[in-house]
Amino acid sequence: MFEDSISPRDAQWREALRKEKSARERSATPRVKMTELAPDYRVTCSEEVNCGLTPAQAFTEAIRCLDCPDPQCVTGCPVGINIPGFIKNIERQNVVEALAVLKETSALPAVCGRVCPQEKQCESRCIYNKMKKDPVAIGYLERFAADNGVSDAPVVQPEPNGHKVAVVGSGPAGLSFAGDMVKRGYDVTVYEALHQIGGVLKYGIPEFRLPNSIVEREIDALAALGVKFIKDCVIGKTLSYDDLVNEGYEGIFVASGAGLPRFMGIPGENLIGVLSSNEYLTRINLMGAGHDGDTPVPVGRRVAVIGGGNTAMDSVRTARRMGAEKAMIVYRRSEAEMPARVEEVHHARQEGVEFLTLCNPVEYIADEKGAVRAMRVQRMELGEPDASGRRSPVAIPGAIDEVEVDLVIVSVGVSPNPLIPANFAGLDVTGRGTIAVDDNLRSSLHILFAGGDIVRGGATVILAMGDGRHAAASMHEQIQKQSKQS
Amino acid sequence: MNKIVAKERFSENVVKLVVEAPLIARSRKPGHFVIVICGERGERIPLTIAEADTVAGTITLIIQAVGESTRKICALEPGEFLTDVVGPLGRATKIEKYGTVVCAGGGVGVAPLLPIVRAMKEAGNRVISVLAARTKDLIILEKQVREYSDEVIIMTDDGSYGTKGLVTNGIEEVINRTDVNMVVTIGPAIMMKFVAELTRRYSVPTICSLNTIMVDGTGMCGACRITVDGKTRFVCVDGPEFDAHKVDFNEMMMRLRAYNPTKI
Chain A
1 MFEDSISPRD AQWREALRKE KSARERSATP RVKMTELAPD YRVTCSEEVN
51 CGLTPAQAFT EAIRCLDCPD PQCVTGCPVG INIPGFIKNI ERQNVVEALA
101 VLKETSALPA VCGRVCPQEK QCESRCIYNK MKKDPVAIGY LERFAADNGV
151 SDAPVVQPEP NGHKVAVVGS GPAGLSFAGD MVKRGYDVTV YEALHQIGGV
201 LKYGIPEFRL PNSIVEREID ALAALGVKFI KDCVIGKTLS YDDLVNEGYE
251 GIFVASGAGL PRFMGIPGEN LIGVLSSNEY LTRINLMGAG HDGDTPVPVG
301 RRVAVIGGGN TAMDSVRTAR RMGAEKAMIV YRRSEAEMPA RVEEVHHARQ
351 EGVEFLTLCN PVEYIADEKG AVRAMRVQRM ELGEPDASGR RSPVAIPGAI
401 DEVEVDLVIV SVGVSPNPLI PANFAGLDVT GRGTIAVDDN LRSSLHILFA
451 GGDIVRGGAT VILAMGDGRH AAASMHEQIQ KQSKQS
Chain B
1 MNKIVAKERF SENVVKLVVE APLIARSRKP GHFVIVICGE RGERIPLTIA
51 EADTVAGTIT LIIQAVGEST RKICALEPGE FLTDVVGPLG RATKIEKYGT
101 VVCAGGGVGV APLLPIVRAM KEAGNRVISV LAARTKDLII LEKQVREYSD
151 EVIIMTDDGS YGTKGLVTNG IEEVINRTDV NMVVTIGPAI MMKFVAELTR
201 RYSVPTICSL NTIMVDGTGM CGACRITVDG KTRFVCVDGP EFDAHKVDFN
251 EMMMRLRAYN PTKI
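If you read the sequences in order, they're chains A and B.
FYI, my numbering numbers position 114 of the first sequence as 114, with every residue one higher than the one before it.
FYI, my numbering numbers position 121 of the second sequence as 121, with every residue one higher than the one before it.
Next comes chain A alone, as it looks inside the complex (with noise of 0.2 Å):
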């Protein structure tokens, strides 16, 4: 495993690192708690909430790693990181390599460590969980790395092979497969239909979990290397497929994300003061709305966010951040069932968030201008487990109760985007609007891959950057034969 890598696990080093100290001595020391800012104050500003480790911190956390011969972390980790690599670096103290062995696989290493549910990926699968001890922080770790190991060196730009692909869509998904294919030598031109690059990096996941500064650093070093990035360009609409392809692209991946965002179907949906969590989020985290910019947003005071997933808990914990006294969670399933981040639901309680666990909403009630005043909400049972093997939720006959709010931000999911599904002639599509593709992420247009949630219909990040990594293997292999070919 890993014989590519810069930092291989028979590397000299590591072997003399291995037998500096014992699997007991590593085993020894708790795992390091982050740093987070105080909840009363955190809710009065944007600033991130957990605070990064010291490189004290750090390098004794990356001690506990017992750099196992078969790592099975790695087995977790949807972009096959070197996770024993790049740690066993920062053990040594050296953070310019252990980022670099992260980049290797990952062109968003600081997003990840801030973002990817670790503890359902590489965490979960480390040896510590079988002692009965608290897993390695890797996501902490590969943070740290990310942060601190960025180095002055200039960057060199790979030779280039002549060939030019393009990417729709600069999010997760997008931006991974740039940064492979530009290693191998492509020219890579990145389209965006948005204003700013970064797609849900930057509309979506709020400031406090993941600030914008540490996308743009990451989308500055992918331009360092060469992609191209072009805003304000809807392919499908300001550019066609035969425009793309007229441009010399041998190869087109297609990432552009999620799209309409569901609702409910229930009475009073389309009131004021009822909206989705991507514009809420878009509002506040793309357009500045509340901050610096010129877009409005509704503030409200009592308000109640509709759904148990991280955008559900990126939305309350932003409501609370822009004032409201009374922050709750609607959720039709108990806690346990909750799909969002367990460290999301702690910090969202922690900042004084209500949970409303198995209510369901079913009406929303005007006022005289129309303007959510209430909301009725359905109390609800666990029945029998479902085809998500989540147990069911049953409506409780008659428990209805009337909730005052003002604000109601629905973040129940997304329909696929279908700009590109709708433009796009003999493009495949499946039953839910997703892109069809095959195993290599390959659609039925020949030159077209395509990854994240246009394919998923709404995933994770950490799964949208595999797709990316995943279809930039494919593209190469076929851009490979066919120029061999011809």
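There's no promise every hint is true.
[Said to hold, decoys possible] Cβ-to-Cβ under 8 Å is the rule here; a few derived chain A residues that face chain B: (1) Met34; (2) Glu36; (3) Val74; (4) Ala193; (5) Asn278; (6) Arg283; (7) Gly293; (8) Gly370; (9) Asn423; (10) Gly431.
[Unchecked claim] Simulated coverage check for chain B against chain A, where a stretch passes if three residues somewhere in it have a Cβ under 8 Å from a Cβ of chain A: (11) 19-31; (12) 44-51; (13) 137-151; (14) 194-201.
These are calculated hints, taken from the structure and not from any lab test.
Just so we're clear, the structure is a prediction, and the values are computed from it rather than from any experiment.
We put the CB at the ideal spot given by N, CA and C, even for glycine.
Using the hints provided, position chain B relative to the given structure of chain A.
Relative to the frame of chain A, chain B by itself:
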């Protein structure tokens, strides 16, 4: 950054800007709109495209100053820049030979109507345009509309120009004297609502083009949602044109007031 190459002031609050946007000029069709941003932290404002010049690589936008952001855009002078222009967005108008088409525009709604008037004429329709405004000064693009119309009827609320009366009076007069196969109406929501009520009585198919609140304009935020035939639709990707007889105008007008309870 998109350069303003020409500017014309139609009235105190209505301005025409000709903006460099070669890719949009080339790909836009009647019915399409753009989103523009003025200033680094500016709002995303949807505007319909009045005209496009593929040779010069420009599009023409007509802007009515109604709030802070539109006032900023109206204050731009030739040589200055819009920070961002993105498009063309939305679905293009379905242009075909219907027979006699009435194109009814109110206020700045005449701007997005103009390319439809022209395309309807070029598709072989007999086009009767009804332009309406509060007063003479607010009638815009009359000359251009005349160029592609078989007949133009002007209606003003105060009778300062054309016939005194509302746009609906003009349309009804046409319907009463000739067979009308299609009505296209663009203007303030309240106007389109009354046009829809009128043409429903006469069973004349009617298309309206809606200008709702939007943020991204690409189908992501849902701010523009309206109810059409009992179902939620997104103006940015499902529209901006809909069957006027099926749009819930009352709900739409309520939603337009979301950020400005005192004005429409």
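Quick rundown of the hints versus the structure:
no. : hint    : verdict
1   : Met34   : violated, 32 Å
2   : Glu36   : violated, 29 Å
3   : Val74   : violated, 34 Å
4   : Ala193  : holds, 5 Å
5   : Asn278  : holds, 5 Å
6   : Arg283  : holds, 6 Å
7   : Gly293  : holds, 5 Å
8   : Gly370  : holds, 4 Å
9   : Asn423  : violated, 10 Å
10  : Gly431  : violated, 18 Å
11  : 19-31   : holds (count 3)
12  : 44-51   : violated (count 1)
13  : 137-151 : violated (count 0)
14  : 194-201 : violated (count 0)
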